[in-house]
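> In order, the protein sequences belong to chains A and B. Quick note, the first sequence lines up with residues 1 to 269 if you use the working numbering. Quick note, the second sequence lines up with residues 1 to 292 if you use the working numbering.
Hints were generated in silico from the structure; no laboratory data involved. Yeah, the Cβ is synthetic: ideal placement off N, Cα and C, and Gly gets one too. Just to be clear, a hint being listed does not mean it is correct.
Only some residues are given here: those of chain A computed to face chain B with a beta carbon under 7 Å [said to hold, decoys possible]:
| # | residue |
| --- | --- |
| 1 | Ile6 |
| 2 | Thr34 |
| 3 | Leu80 |
| 4 | Cys84 |
| 5 | Leu104 |
| 6 | Gly204 |
| 7 | Pro218 |
| 8 | Val244 |
| 9 | Pro246 |
| 10 | Ile248 |
| 11 | Leu253 |
| 12 | Arg255 |
| 13 | Thr266 |
Each computed PhoX-like pair below joins lysine-lysine, with the alpha-carbon atoms no more than 20 Å apart [what the hints assert, rightly or not]:
| # | chain 1 | residue 1 | chain 2 | residue 2 |
| --- | --- | --- | --- | --- |
| 14 | B | Lys96 | A | Lys268 |
| 15 | A | Lys256 | B | Lys96 |
| 16 | A | Lys268 | B | Lys180 |
| 17 | A | Lys256 | A | Lys268 |
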Amino acid sequence: MRFLIIFGYALLAGLPLGWLVLTSLKPVAATTSTSLLMWPGIDFIPTLAAYGDLFTGDFPRYLGSSVVIAVTSTIATVLLGTACAYGFSRFPLAGSKDWLFFILSTRFMPPLAVVAPVLVMYRMLDLPNTHLGLIILYTAFNLSLAVWLMKGFIDDIPRAFEEAALVDGYTRWQAFWRVIVPQARTGMAVTAVFCLISAWNEYGFAMTLNHVHAVTVPVWFAGLQGNVQGVPWPTIAGGVLVFVSPIIVFTVLVRKHLLRGVTFGTVKG
Amino acid sequence: MRHRLGWAFVIPTLLFLIIFNVFPLISSVVLGFTNSELTGGSWEWVGGRNFSRVFNDPKYAAAVRTTVLFTVVAVAVELALGFILALALHRDFRGKTAILTLLLIPMMLPPAVMGIYWNFLFDGDYGVINQVLHAGGLLAPPQWRTDPGLKLLAVVAVDVWMWSPFMLLISLAGLGSIPKHLYEAAEIDRASRWMVFRRITLPLCAPLLGLAALLRATDALKQFDLVMAITGPNDASTQTLSTLLYQVIFSNQRVGLGAAYACVVLVLVIALAIGVTRALARMRSANAGQAV
Chain A
1 MRFLIIFGYA LLAGLPLGWL VLTSLKPVAA TTSTSLLMWP GIDFIPTLAA
51 YGDLFTGDFP RYLGSSVVIA VTSTIATVLL GTACAYGFSR FPLAGSKDWL
101 FFILSTRFMP PLAVVAPVLV MYRMLDLPNT HLGLIILYTA FNLSLAVWLM
151 KGFIDDIPRA FEEAALVDGY TRWQAFWRVI VPQARTGMAV TAVFCLISAW
201 NEYGFAMTLN HVHAVTVPVW FAGLQGNVQG VPWPTIAGGV LVFVSPIIVF
251 TVLVRKHLLR GVTFGTVKG
Chain B
1 MRHRLGWAFV IPTLLFLIIF NVFPLISSVV LGFTNSELTG GSWEWVGGRN
51 FSRVFNDPKY AAAVRTTVLF TVVAVAVELA LGFILALALH RDFRGKTAIL
101 TLLLIPMMLP PAVMGIYWNF LFDGDYGVIN QVLHAGGLLA PPQWRTDPGL
151 KLLAVVAVDV WMWSPFMLLI SLAGLGSIPK HLYEAAEIDR ASRWMVFRRI
201 TLPLCAPLLG LAALLRATDA LKQFDLVMAI TGPNDASTQT LSTLLYQVIF
251 SNQRVGLGAA YACVVLVLVI ALAIGVTRAL ARMRSANAGQ AV
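Go ahead and model the full structure; you've got the sequences and the hints to work with.
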């Protein structure tokens with residue numbers, strides 16, 4: 001009974017992803033056929049043409065934008081977030097609890113509810129349709145997660161480590177860089193993965209602020225909706241697959257820390 | 001001195017959040033009292049006119065209904081499905097970690113992109129879902145993308161596919177935290193399996209399940225990506241608050257009016273966010289207690 005539930009669900013939930021792989025290998029005509037074409041080699045002849053089209057077209061450019069924006073904002077978020085978490089973890093700051101909750105509350109803001117004032121502000125600063133504009137917004141959006149996750153990880157590092165370093169004549173700043181940062185490496189890597197995926201997947205800000213230049217992959221995909229005739233389904237499927245495969249790899253890498261990641265570090269698996 | 005040093009570590013983050021988060025929030029309220037347009041140009045103060053329009057707009061009322069309906073149905077189904085899966089996955093078996101990791105993948109995927117791919121699966125003519133239903137003997141399979149009654153269901157279905165794993169993950173943590181001796185005591189008392197479930201398993205998991213439902217609900221209330229991908233922003237049967245905001249600000253180009261809509265949405269979100277932060281705080285102190 002247990003195995004029936006587990007494997008039944010796994011099969012059902014996994015099918016869309018399996019079908020994605022299959023679709024990307026089909027010739028265009030096979031994807032708009034009204035009959036069920038399942039078996040490569042029998043129902044259709046598998047081809048890699050979709051991937052060829054994908055990489056000779058505009059896709060690499062959008063992928064480049066996505067990489068630049070997600071990676072830069074992740075680095076900024078993890079650096080700022082780690083320093084901030086260290087401050088709250090090790091110093092008895094006035095109102096630290098309230099500040100931490102203020103930081104967390106920024107996570108719940110719907111992008112579409114603040115996009116109007118952001119757009120007005122960005123126009124004054126010339127930031128719409130730039131990499132920098134989205135990098136700033138993604139950093140602001142992910143900081144809450146980074147601070148809370150990193151606080152959990154840094155709280156776990158014994159204070160004795162830095163105290164020994166301070167006795168040895170390190171300054172606080174040196175102790176932070178040479179003791180805490182190396183000790184918190186796993187935590188920083190996990191935090192980076194979550195920030196990276198969240199920036200990689202973001203759509204609301206990306207589609208409203210960057211639709212001309214520095215367009216990210218999700219916005220490009222959404223734009224294809226209107227002209228599906230222009231870009232055939234195998235190419236779209238291949239693009240989706242290429243775009244989500246790093247996420248799948250990263251998810252497998254941080255599998256032990258997923259629980260921490262989705263509960264802001266408050267539930268430790 | 002010590003404290004000043006501590007502030008030096010946290011102030012960059014706080015400043016960043018105040019500039020790019022609090023400031024837009026406040027300016028949203030200010031913008032709500034103007035007639036600014038997307039194209040820029042001159043604008044005037046219009047007093048509370050935008051706000052009274054929000055409350056008289058039947059589209060707004062419909063969007064609130066759709067958003068709440070979507071949130072309640074999606075979160076309830078995800079919670080039930082995730083908890084059942086967790087009960088099935090709770091005991092150890094070979095390959096459990098691998099299966100669990102595979103099951104969790106959909107929640108990490110980009111909804112905007114997956115939504116577009118799901119359109120392909122939902123298609124009435126060449127979509128694989130209907131082809132399978134047809135092969136299974138259903139002669140007139142449902143038209144997921146055109147039937148007004150089914151469109152919201154399609155959005156819910158994709159959301160359930162993406163987020164049931166999230167509920168599974170948190171439910172597993174809940175089941176894992178129940179002390180074994182409680183089950184042993186129940187066995188000595190010869191309690192029925194149903195009694196054990198009702199008196200031990202469910203109540204002890206409840207706090208974590210509540211947290212999971214709250215976290216998901218704050219997310220579901222923002223629902224934008226899937227609706228945009230599956231039906232577009234202006235479909236009467238699926239228009240959520242976020243897509244209504246999009247429609248007002250970007251299609252109708254009314255920035256001032258959109259800001260007024262946003263303020264009303266924010267009140268809802270803030271109320272829920274307060275609930276979530278409280279629940280997370282309780283969770284943190286409970287965990288800290290355990291560690292001692």
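> Look at each hint and say if it fits the structure.
Hint check results:
| no. | hint | result |
| --- | --- | --- |
| 1 | Ile6 | holds, 5 Å |
| 2 | Thr34 | holds, 5 Å |
| 3 | Leu80 | holds, 5 Å |
| 4 | Cys84 | holds, 4 Å |
| 5 | Leu104 | holds, 5 Å |
| 6 | Gly204 | holds, 5 Å |
| 7 | Pro218 | holds, 4 Å |
| 8 | Val244 | holds, 5 Å |
| 9 | Pro246 | violated, 10 Å |
| 10 | Ile248 | holds, 6 Å |
| 11 | Leu253 | violated, 10 Å |
| 12 | Arg255 | holds, 5 Å |
| 13 | Thr266 | holds, 4 Å |
| 14 | Lys96/B - Lys268/A | holds, 19 Å |
| 15 | Lys256/A - Lys96/B | holds, 13 Å |
| 16 | Lys268/A - Lys180/B | holds, 19 Å |
| 17 | Lys256/A - Lys268/A | holds, 10 Å |
Violated hints, listed in ascending order, are 9 and 11; each of the other numbered hints is respected by the structure.
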